[in-house]
Amino acid sequence: MLRTWMREGNHWVWFNAMAVAISLLAVIGLISFIVFKGMGHFWPKDIHAYTVQDGQGGTVQLIGELHRRSDRVEGNIKEGVTHVPQLLVKVGNRDIFGADFKWVDEHAVIKDITAKDLIMVERYEWGNLYGRLKSVTLGDGMTVTGNQAWDTFQQLIERHTELHKQIVRIQKHEIGAINAGVEQLRLDRRRLELDNKLTEQAIAKLDEKRRQLDGEYQTLLTQMRQLEQTASALGKAQIEIMTGDVVTLPIDKIVESVMPNAMTLTEKFGHYFHRIWVFLSDDPREANTEGGIFPAIFGTVTMVFIMTVLVMPFGVVAAVYLREYAKDGWITRAVRISVNNLAGVPSIVYGVFGLGFFVYVLGHNIDQLFYQEALPAPTFGTPGLLWAALTLALLTLPVVIVSTEEGLARVPRAMREGSLALGATKIETLWNTVLPIASPAIMTGLILAIARAAGEVAPLMLVGVVKLAPSLPVDSIAPYIHLDRKIMHLGFHINDVGFQSPNVEAAQPLVYATAFLLVLIIIALNITAITIRNRLRERFKSVDN
Amino acid sequence: MSSTALQMQSARRERMRGYKDFIAKYAIGIGGMAVIGAVLLMMFFFFYQVAPLFSSATMEKVATYDRPGQSKTVMLAVDEYQDTALRITEDAKIVFFKAKTGELVETISLPVAEGVAVSSYHVLDDADGQVALGLSNGQLLLAEYGFAVSYVDGVRQIKPRFSYPLGEAPMVMDAQGRALAHVSGRASGDTMVLVGSPKGAPVVEFRAFELKKAMFSDEVSLEQVAANQVPLAFVPEWVKVDGMNDWFYAIDSTGDMQVFSIRNVDAPKDYARLNTLPVDGKEKRQLTSVNFLLGGISLLLGEESGKLTQWFPVRDANNQFTFQAVRDFDEQSAAITDMAVEQRRKGFVLSDASGHVGVYHATAHRVVGLEQVAQSAITNIAMTPRADGFLAEDQQGKMHLWSLENEHPEVSFEVLWQKVWYEGYAKPDYIWQSSSSASDFEPKFSLAPLAFGTLKAAFYAMLFAVPIAIMAAMFAGFFMAPKMRQAVKPTIELLEALPTVILGFLAGLWLAPYLEKHMPSFFLLVLLMPLMVFIFGYLWSRFPEAIRNRVPDGWQAALLIPVLLLSVLIAVWLDDPVEHLLFAGDMPMWLTNVAGIDYDQRNALVVGIAMGLAVIPIIFSIAEDAIYNVPRHQVNGSLALGATPWQTMVGVVLPTASPGLFSATMIGLGRAVGETMIVLMATGNTAVMDIDIFNGLRTLSANIAVEMPESEVGSTHYRVLFLAALVLFMFTFFFNTIAETVRQRMLKRYGAL
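As given, the protein sequences belong to chains H and R, one line each in that order.
With numbering that gives the first Met the number 0, the residue at position 304 of the first sequence is 303, and numbering never jumps.
With numbering that gives the first Met the number 0, the residue at position 87 of the second sequence is 86, and numbering never jumps.
Just so you know, not all the hints are guaranteed correct.
Estimated spans, in silico, between C-beta atoms of each pair [claimed, not checked]: (1) H/W4 / R/A486: 27 to 35 angstroms; (2) R/K24 / H/V308: 22 to 30 angstroms; (3) R/F43 / H/G175: 36 to 44 angstroms; (4) H/E124 / R/A26: 55 to 63 angstroms; (5) H/V181 / R/R155: 50 to 58 angstroms; (6) R/R155 / H/R224: 35 to 43 angstroms.
Source of the hints: derived by calculation from the structure; they are not laboratory data.
Note that beta-carbon positions come from the ideal geometry of N, C-alpha and C, so glycine has one too.
Let's have the full structure, built from the sequences with the hints guiding it.
Now the structure itself:
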């Protein structure tokens, strides 16, 4: 029986089916893994208070979140090895303990309680703090203890958050604008000097402007100092940490504080979405390992947008040329070979080209011609947004060309001929008939190009993406879109935080969350593109018949 | 409006339409050409960046003039801008002159007694201009020369200076007052070693000093810590102290060499004796010039025949040093009279008795230029600090200033692709090590380990991806139910859209540590999966029809998902027992200690799996198209003749689709070769040449990503990275072209069917 079954090759069919199943499992497994890990990060985890034997007869207390489980190897290879299960506890308080995490042997844990009064405090510096709130001292010296302490604590934090927002606004936007103005004045002066037009009059005018800016700066500075004073006078919280010591924490060092063990499910969900929002809308802190990823999202979107503007005309024109104008001959063949090769070239090679040609040749010459006043500091002669977008435009050009060509090929001959027969010129036919019909295909190409560009990292590492950009590429200072600025990027953020950060273990959940966001964006883009393409195909099936 | 006006208007509009059409035609044509332009520009730009690596040096005469000043030249030096030069002459004078005209600037007398001549010199430090001068009365004088640069109204002014920071008084080396025929020495850290050998005597006077810095000023003084007279086996022609104060070498013109270890300055140890000029049957060989290369490790021995040999100490397994001839240069045909070494690279120039000057690079084993500079023998040659020119003096008292354009002598075919013997290494090897903090560092630009790493990563990725992708394509394109296919194909293709940075991150931070802990479960899974599937498949055929008929044909893959999940569970469950049973409880440890295989956490296996996952959808997609497009009538014919589906697959479908499968594999390979982020994150990026699956690797692409941002524009390193990118470009160009050609052929064949 078995022999016949095998002679017919049935087992091979099953093996083939296995390959499909493996591929499917890999895709689904990968995506669910990222979703699970990425979404889990924001859930308010319970805080445990472990009582652990310290190995010398005594016990110590550990307060923190259970980060993950693992095991450690004991013994050596000759006498046999045993694996001892361990817990990795995130105990926070990096400023006191030196590290965020502690390993504990599972069998050494004698008591594990999740007391309701345990709190987690997220701070602007030094990461989280875990412990119990003892009392809150207000700015006027009044001390609140007991049940009211928590409510007062929350109110104070809320008030500080408001103040903090105002301070950041002044610091980043208004003072930033003044600094940009001062820099501009310096450049203007240098420009005039280079043109030999630096007259007494001009100097006086520049100095006048400078004085004006200085005045504004002083006003803002006083304003900011006042706010900071108010913030620091809000009060202090006394928190008992796991060693039993009481730590005094000024309110203006606190981002937020929660009591997860006492939260109801609804509260947890509320907090969950709040944290997702913070993640999406906040700036990163602590070498990118905490806070949000807003600049990375913003940088990615801006760069992709500029890339789209650059790649679309070129891609569409090239496809139209290939499909509508070119006669079959060596030129067409050469273009096709070029497109094919562009598609096959490794992305890092584009990066090298972008750096060598765009940045160092084009950028350098642009600086020499138009930004002489800023030299020797390069303006465009250094990696930046424009070059990143241009490099990716080159990289995604084949995607747009191939997709547009496919769309053009699907436009029925009858429509073209109809238009020509009515006396329209070729370009009129193209513009009014062919391109509108093929527009979904062009859209598909663009979306696929965007998806590709959003996920590409290797070339960007060379042409303009940095781990931490001081300012966004678009802001309220003229010329509003700063093509010369360096940007942050989601994909690079993953690489950087996951591999280069000083605290990889603590940053990992954030990396998973970023990865999840990136996957979400790219899958959404791809599904949109595929849907549009399928619809297009369906529509012209009926026309063809 | 009259009808003529209307007609005119209409005619004008017609004309405008014509123009528009005309303009559009050319504008679009130009747009199409721009794509070719972009590809050509890329290609051209890469070659343009790489070409200077392989070009020769250009040597040009700047000036020739009569020697300024009197007496014989002992030492020559030129400043950084080729503005001022100096001669230290035998009659104890320092003559400063304009390097381009020979115009005398200043003549200074050395602070020595009347009638004392300078008999030998040694440059202790190029950067500070520190020299040791051996005198005819057996004394030694330490001095410093320099060229102070200042700008007056934006015009550069060079003012030469000559000073004695360690005191004007010469120190006595030979108590008997014989002339010092040779002096040498080296200051490293706060110790200084000086040696001198009296004329005609087989001894070397050896002195070691400690440099004492004064408390409140920059003044430095010497405190003698050791003084020895070292007897030699012969009368030396050259005495040289190496760059680390480890050795000094005494050499005579017959090539006899005696090496002393001076790690212990109190007792220089006679370490080795050898002859550097083995007689090879032909005429007698003779040494005519000896010098150290930059860094003071390699000795360059120039011969009467114009040949030059590079020697350096090589440490063996027992920590003993042997002195080896590493490479030789045999370009010049007259006796080597003098040599000058570059101060920032491992390059040097040789002058010979026929007036020729050759420009060389040691590591690259390359002659970058050779020109006739003088009509008679050149007696002295000096190089500018930037290695962009040299000053030579010939026997007839003429000075020759030449400029030298020699940007990239460090690269040669040998350096890039062959084994090279580097200073400090036990044997020739392939090594990539592009930069270091030390200024006398020997850059190692071997692309071989990087290309090897690239192919290794691609190989393991393909090993994982090809079977899965092709088999999945076979099932999806032939056996699978159409409804399932509609869902499965886009799902697998979704994997292609997944950014590789995410795959790399998961591989590096999750898979690599996981595999390290649960290595056996992976291998168990590889064994278990086919076994379980086989058993399940057979059992399925034995199932009652009622159950079997519920699942339509072509849905086997869906049935297998629980089976596979079950085998994953079993593999994970068996992991610990198997590890204890076979691998003493810890497989990586077992591999290192028992099997003797080095285990890196981020190894080729991890890369293979991660990059395999990235490549599977590409191969799958193209291969599936090829199988799906096999003409239906062929398949039906085979089935009608009684072949089973699998027999039809093997006998009819596969042969027809094989070009498509091949082309799919090639495109996948091209992708694997160029992939950057996965290898960057999932390997340790160590440039080793080792095919072992548990070892790390470094690929061309990852190397570019790591080093490109830090490399200086236009430097050799920068251009070598461009070359790496070009190699990558060529690799993928090659694979893509093969794939495309095969695919075109296949399309033609399908057209015929």
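### Task
Confirm or reject the claim that R/F43 and H/G175 have a C-beta distance inside 36 to 44 angstroms.
With Cβ atoms ~42 angstroms apart, the hint holds.
### Query
Can the suggested window of 35 to 43 angstroms be confirmed for the beta-carbon pair R/R155 and H/R224?
50 angstroms, violated
### Message
Between the beta carbons of H/W4 and R/A486, is the distance compatible with 27 to 35 angstroms?
### Response
29 angstroms, holds
### Task
Could you check the hint for me, namely that R/K24 and H/V308 are 22 to 30 angstroms apart, CB to CB?
25 angstroms, holds
### Task
Evaluate the given range 50 to 58 angstroms for the C-beta pair formed by H/V181 and R/R155.
34 angstroms, violated
### Task
Could you say whether the range 55 to 63 angstroms given as a hint is met by the Cβ separation of H/E124 and R/A26?
58 angstroms, holds
Comparing the model with each numbered hint stated earlier shows that hints 5 and 6 do not hold.
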